[in-house]
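*Asks:* Using the sequences and the accompanying hints, generate a full structural model.
Number of protein chains: 2
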Amino acid sequence: MAPKLNTFEVLKRSALGRIGRFRTAHGNIETPTILPVINPNLIGEPGNLSPQEIKKEFRADAVITNSYIIWQSDELKEKALSDGVQKLIGFDGAVMTDSGTFQMYMYGDVQVEPLEIVKFQRDIGSDIGTILDLFTKPDEDREKAESDIEGTFERGQGSVGVKGDMALAGTIQGGVYPDLRSLAAKRMSSLDFDVHPIGGVVPIMESYRYKKLTEVILAAKRELNPARPVHLFGAGHPMVIPLAVALGCDLFDSASYAKFAAQGRMMFADSTRFLKDLDDLPCSCPVCSGHTIQELKSLDKATQTKMLARHNLHVTFKALRQARQAIYEGTIWELAERSLHDHPRLNRALESIYTEPELQERREPTAGRRFFYTCPTSMQRPLVRRFKQRFIERYRPRTKYLLIGFMGNLEARKPYGTAFADDIRKLRAVSDADIMFMSYYGPVPLELDEVYPIAQSLVPDVHQLPKDVQEKLKDEFEKFSHDNEYQMAVMYDGDTTILDVENWYDDVPMRTHVFDRVLAVSDFQFGNAATDAMFPKKDDMNWVTNEVKIKTSRKTGKIRNVIVEGEHILSMRAHDGLFTLKQDGAKRILAGTKAPTNRLVVNDDSVPFNKEGKSVFAPFVISADPDLRPMDECIIVDGNDEFVAVGRMRLAPDEIEFFKTGIAAEVRSGSDDED
Amino acid sequence: MAPKLNTFEVLKRSALGRIGRFRTAHGNIETPTILPVINPNLIGEPGNLSPQEIKKEFRADAVITNSYIIWQSDELKEKALSDGVQKLIGFDGAVMTDSGTFQMYMYGDVQVEPLEIVKFQRDIGSDIGTILDLFTKPDEDREKAESDIEGTFERGQGSVGVKGDMALAGTIQGGVYPDLRSLAAKRMSSLDFDVHPIGGVVPIMESYRYKKLTEVILAAKRELNPARPVHLFGAGHPMVIPLAVALGCDLFDSASYAKFAAQGRMMFADSTRFLKDLDDLPCSCPVCSGHTIQELKSLDKATQTKMLARHNLHVTFKALRQARQAIYEGTIWELAERSLHDHPRLNRALESIYTEPELQERREPTAGRRFFYTCPTSMQRPLVRRFKQRFIERYRPRTKYLLIGFMGNLEARKPYGTAFADDIRKLRAVSDADIMFMSYYGPVPLELDEVYPIAQSLVPDVHQLPKDVQEKLKDEFEKFSHDNEYQMAVMYDGDTTILDVENWYDDVPMRTHVFDRVLAVSDFQFGNAATDAMFPKKDDMNWVTNEVKIKTSRKTGKIRNVIVEGEHILSMRAHDGLFTLKQDGAKRILAGTKAPTNRLVVNDDSVPFNKEGKSVFAPFVISADPDLRPMDECIIVDGNDEFVAVGRMRLAPDEIEFFKTGIAAEVRSGSDDED
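So the sequence lines, in the order shown, correspond to chains Z and H. Here the first sequence stands for residues 1 to 675, numbered as in the numbering used here. Here the second sequence stands for residues 1 to 675, numbered as in the numbering used here.
Hint data in this document are derived by calculation from the structure and do not stem from the laboratory. A portion of the hints provided could be inaccurate.
What the hints assert, rightly or not - Here are the computed distance ranges between Cβ atoms for each label pair:
(1) His568(Z) <-> Ser298(H): 32 to 42 Å
(2) Arg142(H) <-> Leu299(Z): 54 to 64 Å
(3) Pro203(H) <-> Lys660(Z): 53 to 63 Å
What the hints assert, rightly or not - The list that follows gives simulated cross-link-like pairs (lysine-lysine, DSS-like), each with its CA atoms no further than 27 Å apart:
(4) Lys119(H) <-> Lys555(Z)
(5) Lys79(H) <-> Lys144(H)
(6) Lys259(Z) <-> Lys56(Z)
(7) Lys211(H) <-> Lys467(Z)
(8) Lys137(H) <-> Lys79(H)
(9) Lys472(Z) <-> Lys555(H)
(10) Lys467(Z) <-> Lys467(H)
(11) Lys212(Z) <-> Lys467(H)
Said to hold, decoys possible - Facing chain Z, from chain H, some residues (calculated, C-beta under 8 Å):
(12) Tyr107
(13) Asp279
(14) Ser289
(15) His291
(16) Lys318
(17) Arg338
(18) Asp342
(19) Thr377
(20) Leu458
(21) Ser623
Computed from a predicted structure; not experimentally measured. Glycine residues also receive a C-beta, built at the ideal position from the N, C-alpha and C atoms.
*Replies:* This is how it looks when you write it as structure tokens:
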């Protein structure tokens, strides 16, 4: 199953950001990354970093150069056609080419036909060529933007027919009109492109319109084929990278590192500054920690330009590594939000980063390392939305009484304070009520207090939230209480003790109702039908001890394994408080629920591999439960709904069909394995 | 006038942060900086960075080592006493020594007498020694904190008597009690110390209590002798540096770079992370850009430890250079606020960073490059407070009618929108009203719209501010309007045109009332009395053209020079819209106002130098107008209130008396100079 060239695979994800791999004949491009722009006319000029130097110092997988410039010069053209573009520029890796669109934008026109420049890129062996699309300027009206989209689509239709083995990039235009960006994305996705640049954004970025940039990217992302890398054309400033990666941009390119350097300007995560205006070097890169500012300022022009270009690429690659690390740990929203505090204009993007809530929720993994608050906007993150949604849909009241603690405790990384925890412990021993805490996430039942993201959160106490947010949370609680038909709902405000309990049992452990926790987490994670299928019906008071055995950790008291009628159905992960589904649990769900609940259906070619414990590859998937999310537990079945394996989703159900390669779900154990 | 050793000079400032210079026999220490901790027992051990390597790679001016460890070892002791501590550890620069206090905190006791260890530090030639103070833990009660302060003070009294030529550091304790920190600062400032560490903060930082840390630093700063560098003992994490520098900490030290490295941990601006937990390197330092993460992970233990120590110092020195750059450009509050969004616990410090408003306003320079908003807390910055204060105190209504535009425009870097500006232009031609804009800073009259920080601001429009803040601004406007007894005050809301003007003159330039601007800026900058003294009384309609000539730039239309009765009294600076005071203007102020208005009084030793244009050094200052602020224009006079020179304040009036060296005011031109 050697993966085909020009395919993209998603290895890891957070928000709309992905760690991915795009395969070319000249090596893989690991994303997110930047393709430094190489001007073929400047190679070897003083002050210019050579492609070899870029490869060596920054380990760049790929660079981008301009095919139109090559095409215009007889000498370059001839050499490129005979030796290939990689040899022409001397880069040992993948080379993408641009088509002259930007020249069209800058100078009004180009001298080449749209199909001719695509064929030329193919003939010089470009790894990724680009169509000659029609650039819509931000100040252009809707009519012009619409006709540019139409014209670009027509050129695209012709271009995909002549691309040959070359990957082809089909650029999304649409100006400043989000609906037109979506339309363009939909149309271009229908053609056989391999990469989708989002074009026409340079003037938007140059005028610091980050809110508009965000809208434009999100509108395109909503309709783009998710299996193709998204390239934010002309973007490569470290200011914009955390935001753009979180919004799902995989590739960047930029000539700025060299252009700014030639002007004596340095890029930083918060600004671009003239070296001459600086009094000290706010950077740790090899250039800045290897020189004093006086030394840098006194270098001759060519040496200084090269130094600044190196600095500029160092901070850019740092921003990318930082974004990659954030994707690995599931914190790219946090990183993006933080970056938006670095400049007042970036700040405006906070108003639009969460404006595709459904798309954003569908793609957000259900497991991660932490949830760190950065500012009031953090509350709009997909994880908060998802928690509320799943909780409200899947929670089942246990009693007719609801006690809710309207308090919180940041320090404890729990949605409630220690003092209240004491009261609860006592209350649980003598009464029978559903107990919840009003938190940043809305009401959280005690049983879910160790579930991701609740227990991994560092968020403000409810009392620290703005007054209007507190009111909204109270309304949510009222609605929840009403919808669940509680006979009595009591709010505990943290200042007064409303627990009028005569006999307090100090020795009652917190986890007396451990089975409630098992059921609540199972409901939250797998849904009500799956939970009912896994556990026997409650018909006497002793069924827990008789039919259900819950093994807890001796050290922490936390749930470890759940055994029903002798079958080990679930294990709880200590780090995120969620269950790992065992084969016996999965089989019970299959027996007791209808498809598609929790299922990932694979074709017959895939079955024997998955039974042996090998991962499910995207092209072999027939269908998936639309309620599954990346990192959810899933049951792999064949076309007859027969058990094949248990595993964990890697892709979102709605994107699997688009992928020509890569893992859709990781198999933990197949039916041929020991469980 | 060769400066004495052990003195501190402030070169540049922003917020409470300073670029400073502390003089030692082994070179100057440029602040803010960190003194890497050298453990004398570990020099030469595998995995340890040597003091020479630290000097070379990081250009450290100074390091700190522990005199108690040296004192405990016969071998080290003897060598230190014969060769000096610099030679003992092999560092070519200043060496500070600690006294054993931290060992007392860690192990409960030390075996040395308080005076003995001070004498020992003196005898081994330490550049800065430290008293053996009593460490108050954060969990200790007030009584214990008070008795520790008393005990430390007594030890301090003895210690200053035996310090010899060594600089001595007198540590401020006081636990978590801000009032006791102030008390300790006041008492210790009364003794002849040269440096003041703020001690007992390591456990506060270790538990991420940044709000408490902020309170403790501010409480100490309020009472500390401003002419002594403040050392935040045990602090050196890049997470805390922007905050601590903004709060006025000059020196840092930390063993963490080495201790964390030995544990396989890396410091970052937002966290400390185990290398093994990282998937990529979110850093641009020479270590992180020179290696892949796989390479770093596979190094042998000693090599890896040294690499991580280098990384840790690189990010720390980067944080310091970034803070220094921010001080140079007057943006350290902005940097500190931004850093507080990097971690939810840092975020809590936003609640306390502006809780010494008077101290913070007094020390904040009146000129700078920009004001960038980061979050709602930015509105509490001293610059906003100062603007409101000076504006309300010094503004004089010109008419009985007030028109206020309740709108703003972020894009224009002006407190009002372009559309409104058009209306105003027209209105001014036909009516006579005071025109203001409701802005982030409260009401701003048109005449002050180019004055720092108004025109250098990137802040939200009033309509983007939270509703309660908008209400508060409206209340301020009502009060302002009432206090100034306007007969009519009209609010223009930006959506409706209330300007019912029949004859609009399109060609009336914006700056028709240029003289109003001159007077308003002069009032704002120098006060009403000084303005009245500089300008003739208004007695006929033509006095502007007859007696006052205002030269404007042909290109920009902006005011350049103001000439009254043939005398050039003021020049306006293009970059901050404020006046430079000329000798003739200064003489008019002297003639027409009483001392101390705008005056800096120097003693007779200083007069001849200042007349020649040389700067005013702090020790020669007799007194200063308490309303002056750093970067304000000032008039240097002798003891008889005779004119000596015009210049610009560098220190705040209340801190001048404490400084033994350094510039109190820069002279622009003295009476012996051409003006």
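*Asks:* Against this structure, judge whether each hint is valid.
*Replies:* Structure-based check of all given hints:
A C-beta distance of roughly 38 Å is found between histidine 568(Z) and serine 298(H), which places it inside the suggested range of 32 to 42 Å. The beta-carbon spacing between arginine 142(H) and leucine 299(Z), approximately 58 Å, falls within the hinted interval of 54 to 64 Å. About 56 Å separates the C-beta atoms of proline 203(H) and lysine 660(Z), a value consistent with the hinted range of 53 to 63 Å. At roughly 52 Å between alpha-carbon atoms, lysine 119(H) and lysine 555(Z) are farther apart than 27 Å, so this suggested pair is violated.
With a C-alpha separation of about 38 Å, the suggested pairing of lysine 79(H) with lysine 144(H) is violated against the 27 Å cut-off. About 21 Å separates the Cα atoms of lysine 259(Z) and lysine 56(Z), which keeps this hinted pair within 27 Å; it holds. Pair hint lysine 211(H) plus lysine 467(Z) holds up; C-alpha atoms about 22 Å apart against a cutoff of 27 Å. Proposed proximity of lysine 137(H) and lysine 79(H) is contradicted: the alpha carbons are some 34 Å apart, above 27 Å.
Between lysine 472(Z) and lysine 555(H) the alpha-carbon distance is near 55 Å, which puts this suggested pair outside the 27 Å criterion. The hinted pair formed by lysine 467(Z) and lysine 467(H) meets the criterion: a straight-line CA distance of about 12 Å does not exceed 27 Å. For the proposed pair lysine 212(Z) and lysine 467(H), the alpha carbon gap of about 24 Å is at most 27 Å, so the pair holds. For tyrosine 107(H), the interface hint is violated, since its Cβ never comes within 8 Å of a Cβ in chain Z; the closest pair sits about 28 Å apart.
Interface hint status for aspartate 279(H): upheld, as the beta-carbon distance to the closest one in chain Z is roughly 4 Å, under 8 Å. About 6 Å separates the beta-carbon of serine 289(H) from the nearest beta-carbon of chain Z, less than 8 Å, and the hint is met. Hint status for histidine 291(H) relative to chain Z: violated, with the closest Cβ pair at about 10 Å, above 8 Å. The closest approach between the C-beta of lysine 318(H) and any C-beta of chain Z is roughly 4 Å, which is under the 8 Å cut-off, so the hint is satisfied.
Nearest Cβ of chain Z to the Cβ of arginine 338(H): about 5 Å, under the 8 Å cut. The hint holds. Given hint, aspartate 342(H) at the interface with chain Z, holds; its Cβ is 6 Å from that chain's nearest Cβ, closer than 8 Å. Using the Cβ-Cβ criterion of 8 Å, the hint placing threonine 377(H) at the interface with chain Z is not satisfied: the shortest such distance is roughly 11 Å. Checking leucine 458(H) against chain Z: minimum C-beta separation of about 4 Å stays under 8 Å; hint holds.
Because the beta carbon of serine 623(H) sits about 32 Å from the nearest beta carbon in chain Z, more than 8 Å, this interface hint is broken.
Checked against the numbered hints listed earlier, the structure breaks hints 4, 5, 8, 9, 12, 15, 19 and 21; every other hint is satisfied.
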